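Chains as they are written, first to last, in the UniProt record's numbering: chain W, 1 to 385; chain H, 1 to 385.
Note that these hints are calculated values from the structure, not bench results. Being a predicted model, the structure only gives us computed values, none of them experimental. Don't take each hint at face value.
It does not matter which identical chain is meant; a pair holds if it fits inside one copy or across any two.
Below 30 Å or equal to it, Euclidean Cα-Cα: the simulated BS3-like pairs (lysine-lysine) are [to be verified]:
#	residue 1	residue 2
1	Lys19	Lys335
2	Lys129	Lys36
3	Lys122	Lys335
4	Lys19	Lys255
5	Lys122	Lys19
So the chains spell out like this:
There are 2 protein chains.
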Amino acid sequence: MSVTAAKGFEAAGVAAGLKSTGAKDVAVVVNRGPLKAAAAVFTSNRAKANPILWSQQAIADGVVEAIVLNSGGANCFTGDFGFQTTHQTAEKAAELLGISAGDVLVCSTGLIGFGDEVFRAKVLDGTEKGVAGLSAEGGEDAAAAIMTTDTVAKTAVRQADGWTLGGMAKGAGMLAPGLATMLVVITTDAVLDAGRLDAHLRAATRVTFDRLDSDGCMSTNDQVTLLASGASGIEPDEDAFRTALIEVCNELAAKLQDDAEGASHAITIEVVGAASEDDAVEVGRSVARNNLFKAAIFGSDPNWGRVLAAIGTTEAEFDPYDVDVSMNGVRVCTKGGPDRPREEIDLTPRATHVLIDLRAGDATATILTNDLTHDYVHENSAYSS
Amino acid sequence: MSVTAAKGFEAAGVAAGLKSTGAKDVAVVVNRGPLKAAAAVFTSNRAKANPILWSQQAIADGVVEAIVLNSGGANCFTGDFGFQTTHQTAEKAAELLGISAGDVLVCSTGLIGFGDEVFRAKVLDGTEKGVAGLSAEGGEDAAAAIMTTDTVAKTAVRQADGWTLGGMAKGAGMLAPGLATMLVVITTDAVLDAGRLDAHLRAATRVTFDRLDSDGCMSTNDQVTLLASGASGIEPDEDAFRTALIEVCNELAAKLQDDAEGASHAITIEVVGAASEDDAVEVGRSVARNNLFKAAIFGSDPNWGRVLAAIGTTEAEFDPYDVDVSMNGVRVCTKGGPDRPREEIDLTPRATHVLIDLRAGDATATILTNDLTHDYVHENSAYSS
Numbered sequence: 001m002s003v004t005a006a007k008g009f010e011a012a013g014v015a016a017g018l019k020s021t022g023a024k025d026v027a028v029v030v031n032r033g034p035l036k037a038a039a040a041v042f043t044s045n046r047a048k049a050n051p052i053l054w055s056q057q058a059i060a061d062g063v064v065e066a067i068v069l070n071s072g073g074a075n076c077f078t079g080d081f082g083f084q085t086t087h088q089t090a091e092k093a094a095e096l097l098g099i100s101a102g103d104v105l106v107c108s109t110g111l112i113g114f115g116d117e118v119f120r121a122k123v124l125d126g127t128e129k130g131v132a133g134l135s136a137e138g139g140e141d142a143a144a145a146i147m148t149t150d151t152v153a154k155t156a157v158r159q160a161d162g163w164t165l166g167g168m169a170k171g172a173g174m175l176a177p178g179l180a181t182m183l184v185v186i187t188t189d190a191v192l193d194a195g196r197l198d199a200h201l202r203a204a205t206r207v208t209f210d211r212l213d214s215d216g217c218m219s220t221n222d223q224v225t226l227l228a229s230g231a232s233g234i235e236p237d238e239d240a241f242r243t244a245l246i247e248v249c250n251e252l253a254a255k256l257q258d259d260a261e262g263a264s265h266a267i268t269i270e271v272v273g274a275a276s277e278d279d280a281v282e283v284g285r286s287v288a289r290n291n292l293f294k295a296a297i298f299g300s301d302p303n304w305g306r307v308l309a310a311i312g313t314t315e316a317e318f319d320p321y322d323v324d325v326s327m328n329g330v331r332v333c334t335k336g337g338p339d340r341p342r343e344e345i346d347l348t349p350r351a352t353h354v355l356i357d358l359r360a361g362d363a364t365a366t367i368l369t370n371d372l373t374h375d376y377v378h379e380n381s382a383y384s385s
Numbered sequence: 001m002s003v004t005a006a007k008g009f010e011a012a013g014v015a016a017g018l019k020s021t022g023a024k025d026v027a028v029v030v031n032r033g034p035l036k037a038a039a040a041v042f043t044s045n046r047a048k049a050n051p052i053l054w055s056q057q058a059i060a061d062g063v064v065e066a067i068v069l070n071s072g073g074a075n076c077f078t079g080d081f082g083f084q085t086t087h088q089t090a091e092k093a094a095e096l097l098g099i100s101a102g103d104v105l106v107c108s109t110g111l112i113g114f115g116d117e118v119f120r121a122k123v124l125d126g127t128e129k130g131v132a133g134l135s136a137e138g139g140e141d142a143a144a145a146i147m148t149t150d151t152v153a154k155t156a157v158r159q160a161d162g163w164t165l166g167g168m169a170k171g172a173g174m175l176a177p178g179l180a181t182m183l184v185v186i187t188t189d190a191v192l193d194a195g196r197l198d199a200h201l202r203a204a205t206r207v208t209f210d211r212l213d214s215d216g217c218m219s220t221n222d223q224v225t226l227l228a229s230g231a232s233g234i235e236p237d238e239d240a241f242r243t244a245l246i247e248v249c250n251e252l253a254a255k256l257q258d259d260a261e262g263a264s265h266a267i268t269i270e271v272v273g274a275a276s277e278d279d280a281v282e283v284g285r286s287v288a289r290n291n292l293f294k295a296a297i298f299g300s301d302p303n304w305g306r307v308l309a310a311i312g313t314t315e316a317e318f319d320p321y322d323v324d325v326s327m328n329g330v331r332v333c334t335k336g337g338p339d340r341p342r343e344e345i346d347l348t349p350r351a352t353h354v355l356i357d358l359r360a361g362d363a364t365a366t367i368l369t370n371d372l373t374h375d376y377v378h379e380n381s382a383y384s385s
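Given these sequences and hints, build the entire structure.
Encoded structure:
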């Protein structure tokens, strides 16, 4: 049910010719209210695509009525012409919907540096078709339209005491913190103002999408948007809402990890015994970004020395000679020295668990990543062709 | 001529059975004086191998008479037993040479977490054979003995007004700043005390080895050592010595880059127009560590958007929308927008030049890296087997 699981939302996914395959490539999501509250988090990359520059302005007042999303071109580093394309997209949607362009967000994904007149014409055409095709059952089509190298559409839904949360996500490469080449739209019919939505969204992304680091490459186009229609008429319990939002984000993040470009292992790096949560995140991320470790996991090689070499580059508080490392339940390293023989570890399953005990405190964090494979290299060596 | 190009040095490279191929795997370099001055820089990884822990102590007084180096095992995270192996290696060499163990450095390279009794016995045996085989023509054998996945031995020599600098290096994977899985020994017969050697070595490695970042993975065992015998009797001009030392380090660094595991491109990332040298280094390194950019170069794809996405993650002072990017002489991006068509760029040559003009100042820096290839993944997915 995706973004139309919650009451008050309509969506569509249409084909506008941006994808050479003829698949759906433009999505429109509209909030029919009565509430039009919204919050969003954006890539922390200083190199921001035009849709990010636009959307950051548009959401400043906490009011969003519609989002137009396209695959098939990132519209990033396309100059003033590219910004005008985004602006015209919002104006086109606003005109057709009878709303203000300032209440329309735009998201784009695809090749950076691409966004010519043909691209613009197709996005505007797709926007028109999308608005014409809006329906309360359009959530799945919208989720399909934002896919790029994704092999499956990604959605998640949670329901609680009279209110619903539903979302869609796309992203397979350039997955890294803060965030990824990741577009996410989450909707709810709960009654929450923009300030509360913002607080819940930041709290949720911090422990979910921000801890998904597939390939260490931060995108120019990432955006996670949360829209509230208030159509359920129910003001949710704040803790229950945050918990459900974290669950939806976690489910979508796991689906992104599972579908990462070329990956043969979905690796969960659990760091425990850290002096602080920040330390745990830094340690986990250092392993997630270590190409030698990632290549070893691809080869089903439990090369724990590369884990220790990776974490030794961090500033986190711990003694490298007092660290334990387990892989898939087998402790191969105790206090910085060899423990069980590596032959006892079976790394052939796709799901891989690495447990790192820093023995420096009680804080923990989990980072999700993938292995470095031939297919990853292949997919990304010819992406623009 | 390697480490025996300078007068006052003897070396050997012998086979001790650490490499399953039967190739040479233990090297010994001895300084016959009259001067026994030395300086070294070590990996900045907090996870340091036993030979690093030993050598840092041994060189504290600036006096070194011999170095024993082995491939076939890193002796890292091998506990007290591993440290004793290093200690025994230094004592064995000292006993045979009639010197103090505290004046013997040890370097090891190979698999982390490996260093059992068989390893120890072979290293000690190799030390004995190496000392027995010392000769003033042994430099090439020593350079061969420290190779791991290297395909060629790496040496460099410079001669000036009566004094000589010569060096050997090994390293092909885990190449990153501060430093790499890189063992380097440089010798000179110039007359320089340990303090001067240290200043020159730090100045030289900062602009050479520290700017080689093949795969972003920092080693546990890196060590660059500079030994002075004083055998020429000549106190060199300090500027001339530093220049020659930088040349030797640059030549060895370029040879490491050229022989990096699985690489099909040697990429020179030249950053100009930076507000500071630190900014230029940070920007260059962000590109060198971006897997998407590295995979694109492997595919001969001039994907400049990935360059901008990478540098956008840095804290360096510049405007992402005012940056120029050229590849192999063709400017594809001007002021953050498309310039020449990507079809004009030929990325098929191994030597690849990326020029980034930040338009923010006058500082520059050059980072050397490699592409991300199928062969890199392959070599590193089964390294320990």
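Practice problem: Classify it for me, Lys129 with Lys36: is the Cα-Cα distance of at most 30 Å met within a copy, between copies, both or neither? | Solution: Answer is within; shortest intra-copy Cα gap is 23 Å, inter-copy 80 Å.
Self-check item: Identical-chain pair category, Lys19 with Lys335, by Cα at 30 Å
Solution: between (52 Å within a copy, 28 Å between copies)
Quiz item: At most 30 Å between C-alpha atoms: does Lys122 with Lys335 qualify within a copy, between copies, both, or neither?
Solution: Between copies only: 26 Å across chains, 59 Å inside a chain, cut-off 30 Å.
Practice problem: Indicate which option fits the pair Lys19, Lys255 if close means a Cα-Cα distance not exceeding 30 Å: within, between, both or neither. | Solution: Intra 22 Å, inter 44 Å, cutoff 30 Å: intra-copy only.
Quiz item: Checking Lys122 and Lys19: alpha-carbon separation at most 30 Å within a copy, between copies, both or neither?
Solution: within (10 Å within a copy, 61 Å between copies)
The earlier numbered hints are all upheld by this structure, with none contradicted.
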